[in-house]
Amino acid sequence: MLSQQKISHGKELKKLFVYIRVCIFGCNLSDHQACDELCKQDSYWYGHCSIWDGHDFTCSCYQYKMPLNGSICKRIQKICNEYCIKRGLEGGYCYVYASRTAPNGTTECKCFEELSKPVR
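Its first residue numbered 1118, the sequence shown is counted upward by one per residue in our numbering.
Quick caveat, the hints were computed from the structure, so don't treat them as lab data.
Small disclaimer: the values here were computed from a predicted structure and weren't measured.
Treat the hints with caution; some may be incorrect.
[Stated by the list, open to error] Straight-line C-alpha distance at most 16 Å; calculated EDC-like pairs for lysine to aspartate or glutamate:
| id | residue 1 | residue 2 |
| --- | --- | --- |
| 1 | Lys1227 | Asp1173 |
| 2 | Lys1195 | Glu1154 |
| 3 | Lys1203 | Asp1159 |
| 4 | Lys1191 | Glu1225 |
| 5 | Lys1195 | Asp1170 |
| 6 | Lys1191 | Glu1230 |
| 7 | Lys1227 | Glu1199 |
| 8 | Lys1227 | Asp1170 |
| 9 | Lys1182 | Glu1199 |
| 10 | Lys1182 | Glu1230 |
| 11 | Lys1195 | Asp1173 |
| 12 | Lys1182 | Glu1207 |
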């Protein structure tokens, strides 16, 4: 009976620890926004924060869906970034959107928006 109580108590403590860890160390909105921007700079369709360990975050990036092809942005990524910096912004990225005239999509530049400061 005593060992069963210890096991049950241990499981409850583990659940509480996981709950506290997620509340304190989970990704917040600005982490997701930062990951999205980092992924887009690398010609991915989008991204989000998947892990925040209290010090660093890890991003998950997602490829464009066929027939769109993110690799067509690689050649103008730097141009888009420099264009936005010249406008006084942090930078920018190239993205691909569906087009009737181009089977793999058409490219466009977009500048980063100012991210909100994370509250930790």
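Verification of the hints:
1. Lys1227 - Asp1173: Given pair Lys1227, Asp1173 is violated - Cα atoms ~26 Å apart, limit 16 Å.
2. Lys1195 - Glu1154: 14 Å, holds
3. Lys1203 - Asp1159: Violated - the C-alpha atoms of Asp1159 and Lys1203 are around 20 Å apart, more than 16 Å.
4. Lys1191 - Glu1225: Since the Cα atoms of Lys1191 and Glu1225 sit roughly 12 Å apart, the hinted pair holds (cutoff 16 Å).
5. Lys1195 - Asp1170: 31 Å, violated
6. Lys1191 - Glu1230: The hint is violated at about 21 Å.
7. Lys1227 - Glu1199: 11 Å, holds
8. Lys1227 - Asp1170: Distance of about 30 Å is beyond 16 Å: violated.
9. Lys1182 - Glu1199: Not satisfied, since the Cα-Cα distance of roughly 27 Å exceeds 16 Å.
10. Lys1182 - Glu1230: 25 Å, violated
11. Lys1195 - Asp1173: Status violated; Cα separation ~26 Å.
12. Lys1182 - Glu1207: 28 Å, violated
Of the numbered hints stated above, those contradicted by the structure are hints 1, 3, 5, 6, 8, 9, 10, 11 and 12, listed in ascending order.
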